[in-house]
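Chains as they are written, first to last, in my numbering: chain A, 1 to 465; chain B, 1 to 95.
Bear in mind the hints are in silico, worked out from the structure with no lab data behind them.
Remember, predicted model here, so these are calculated numbers, not experimental data.
Backbone N, C-alpha and C define an ideal beta-carbon position, used for all residues, glycine too.
Incorrect hints may have been included.
[What the hints assert, rightly or not] Stretches of chain B that chain A covers, calculated by requiring three or more beta carbons in the stretch to come under 8 angstroms of a beta carbon on chain A:
(1) 9-20
(2) 44-52
(3) 79-90
[To be verified] Derived, one-sided and incomplete: chain A residues facing chain B with beta-carbon distance under 8 angstroms:
(4) Met133
(5) Val153
(6) Val221
(7) Gly225
(8) Ala228
(9) His232
(10) Arg236
(11) Arg380
(12) Glu382
The chain contents come next:
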Amino acid sequence: MSESFDLVVIGGGPAGLAAATEARALGLSVALVDEQAEPGGQIYRNVERAEAEGRAAPLGDDYRRGLGLVRAFRASGATHFAQHQAWQVERDGRVFVTDGAKSRLLEGRRVLVAVGAMERPVPIPGWTLPGVMGVGAAQILHKSIGVLPDAGVWLAGSGPLLLHFAVEVVEAGGRIAGILDTTRSFAPATVLAHPVAALRGRSYLAKGIGYLARLRMAGVVRHSGVEAVEAHGEARVSKVRWRTGTQWHEAPATGLLLHEGVIPHVHMTQALGCEHAWDEAQQCFRPRTDAFGATSVEAIFVAGDCGGIGGAIVAEGRGRVAALGIAASLGRIAPADRDAKAKPIRDGLAPHEAIRPLLDALYRPAPELLAPADDVVACRCEGVTAGRLREAVSLGCLGPNQAKSFTRCGMGPCQGRLCGPTVTGTIAKALGQSPAQVGSFRIRPPLKPLTLGELATLADLERGG
Amino acid sequence: MFRKPPDRPDAIEVVVEGVSLRVPPGTTAAAAALLAGLPSTRTSPVTGEPRAPYCLMGVCFECLLVIDGVPSRQGCLVTVRPGMTIRRQEGARSL
C-alpha cells in the first residue's frame with residue numbers, strides 16, 4: 001500500500017502536532033506517524049485520557065497546554081498513523097512504516113523529523129540492574145496511567161525534570177526516599193554569569209525556586225553536592241551509594257530513577273545522512289538546520305527537541321515555523337508570506353529560548369557521564385564496559401564505527417541509541433580529541449527491528465496492491 | 001517499586017507470567033509487567049543478567065517481552081488489550 005502526501009511528519013509531540021496542524025491550514029496534505037497510541041509525545045503523554053479521567057489538572061497547566069494542541073491536530077484533517085514505527089526514511093521523502101504486522105509506504109514530498117528528545121544515558125555502576133530507570137520513564141507511568149513510585153525509590157541526577165517530577169509525586173500524594181542532586185554548578189554564580197538569560201527567563205527560574213520550596217515543605221530529603229552515585233543489588237537494585245567529597249553514604253532502595261537532562265534523538269537524521277554538529281553548550285550532536293528547520297538534505301526538515309533542546313513551548317513554535325518553511329519550499333506560499341507569518345511566532349519564542357544558555361550552564365553534565373570509569377557498562381545491549389572501549393582504543397580503534405568491530409558495542413537491539421553518546425565521549429577522551437572529531441555511529445536500516453513477515457507485506461506494493 | 005493503581009470498572013485484564021492482572025486502560029505491556037511486580041522482565045542474551053524496562057519511551061529496548069506469543073516486542077510501545085498474555089523474554093528470541 002502506498003500513499004502520497006505533501007508532508008509526512010514523524011513524531012506526535014508538540015513540534016509534530018503543531019507542524020501538522022499548521023501545514024494543513026496552509027493547504028498541504030499531511031500524514032503524521034507516531035509510535036504511541038495517542039497524540040502528545042512524551043511531554044503531553046496521554047493528555048486526552050488524563051483530562052477525561054480528571055488527572056490532567058493536577059499535572060499542571062504546562063501539561064494541559066498539550067490538550068489544545070492535540071485537539072487542533074485532531075480537527076486538522078491530517079491523517080494520523082498511530083502506533084506506527086518508521087523503520088526506514090529515504091532522502092527523497094519516502095517513509096516506510098509498520099504497525100507491527102503490516103508495512104506501508106508513505107511518499108512525502110517533504111518529511112519533518114520531529115522525534116523529540118531522549119534522556120541522556122546515565123552510565124553509573126549498577127545502572128543495568130532491574131529497578132534502575134530514567135526519571136522520564138517514571139513520569140510516563142504517572143502521566144499515562146496515574147502510577148506513582150513507592151516510598152523506597154530514590155531520584156538521582158540533575159536538571160529541571162528531576163525536581164519537577166519530585167514535586168509531581170509529592171503533590172499527587174506519593175512519597176519518595178529522597179533526591180541525590182548531582183548538580184555541580186553553584187547556582188547563584190551561574191545566574192550572575194548569565195544576567196540577560198536570567199532576566200528574560202525569570203519565569204523558569206521562579207519555577208525552579210518554587211520547586212525547591214515545595215520539596216522542603218513536603219519534607220523531601222535532598223542531598224546536594226553528590227559527586228558519584230552507584231546502584232547495588234543482586235537480582236534487583238536494593239541499595240544506593242553516593243559520595244559527597246570524600247565521604248561515601250548508603251541507603252536501602254526499592255528503585256533508583258536517574259536523570260541528567262535530555263539530548264536530541266538524532267538516530268533518524270543520522271541515518272538519513274543529514275549533516276550534524278557537536279553542540280558544546282548542550283554536550284550533544286544535533287542536525288545542522290536553517291532558521292526553518294531545513295537540513296542539508298532537501299526533502300528533510302527537523303523541528304523540536306530532536307534539532308536541539310529547547311523544551312515543549314519552543315518545540316511547538318519551531319514546528320509551526322518549519323511548516324511555513326516546508327510550504328514555501330514546495331512553492332505553496334511566497335517567501336515574503338512565510339517570513340511575515342514566522343515573525344510573530346519567533347517573537348513569542350524569544351523569552352523561552354533566552355533561558356536555555358543558563359539552563360545549559362547550570363546543568364552541564366559531569367565529564368564522567370560522557371566517559372565513565374572502566375568497570376561501568378557503556379553499551380547495555382552487548383554488555384560492553386568503558387574499559388573495553390579504552391582497550392580497543394589502545395589497540396588502534398579510531399572511532400565509534402571501528403569500536404563496533406572491536407567490541408560489538410552499539411550492535412544490539414537498541415542499535416546504539418543509548419550507548420552512542422557514551423561511546424563517542426569515551427573514545428574522544430581516550431584519544432584526546434573532541435567528540436566532533438571522533439564522530440558517532442553510522443546508523444544502518446532498518447531503524448527499528450522488523451520481522452521478515454512485516455517486510456514481505458511490501459510485496460503487495462510492487463504488485464500494485 | 002511502583003504503587004498499584006486502584007482498581008476501576010474499565011480496567012483491562014491481562015495475563016502476566018500466567019497471573020491475571022487488572023490494569024488501567026492505556027497501560028503498555030511493559031508497564032503491566034512492572035505493575036505485576038516481576039523483579040525483572042528478561043535476561044540479556046549476551047551476559048545472562050536480569051534486566052527490566054529502563055526508558056519506557058522506545059529507546060533502550062530493555063523492555064523486550066513475549067506478547068501474545070510474539071517474542072522481542074518493545075513492551076513500552078504496545079498498549080494492552082483484554083486477554084493479552086505477557087511473558088518474560090529469556091535470552092535471545094527463538095527462531
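For each hint, the structure was consulted:
1. For the stretch 9-20 of chain B, the assignment as covered by chain A is violated, since 0 residues bring a beta-carbon within under 8 angstroms of that chain's beta-carbons and 3 are needed.
2. Using a Cβ-Cβ cut-off of 8 angstroms, 7 residues of the stretch 44-52 of chain B lie near chain A, which meets the minimum of three, so the contact claim holds.
3. Proximity of the stretch 79-90 of chain B to chain A, defined as three or more residues with a beta carbon under 8 angstroms from a beta carbon of that chain, is not established by the 1 residues found.
4. With 8 angstroms as the threshold, the beta carbon of Met133/A comes within range of chain B, its nearest partner Cβ sitting at about 5 angstroms, so the hint holds.
5. Look at Val153/A: its Cβ gets to within about 6 angstroms of chain B, closer than 8 angstroms, so that hint holds up.
6. Annotation: Val221/A was flagged as interfacial toward chain B, and the flag is violated, the nearest CB pair being 18 angstroms apart, outside 8 angstroms.
7. The beta carbon of Gly225/A is not positioned within 8 angstroms of any beta carbon in chain B (closest approach about 26 angstroms), and the interface hint is therefore violated.
8. At about 20 angstroms, the closest approach between the beta carbon of Ala228/A and any beta carbon in chain B exceeds 8 angstroms, and the interface hint on this residue is violated.
9. The beta carbon of His232/A is not positioned within 8 angstroms of any beta carbon in chain B (closest approach about 14 angstroms), and the interface hint is therefore violated.
10. At about 5 angstroms, the closest approach between the beta carbon of Arg236/A and any beta carbon in chain B falls short of 8 angstroms, and the interface hint on this residue holds.
11. Hint status for Arg380/A relative to chain B: holds, with the closest Cβ pair at about 7 angstroms, below 8 angstroms.
12. With 8 angstroms as the threshold, the beta carbon of Glu382/A comes within range of chain B, its nearest partner Cβ sitting at about 5 angstroms, so the hint holds.
The structure shown violates the earlier hints numbered 1, 3, 6, 7, 8 and 9.
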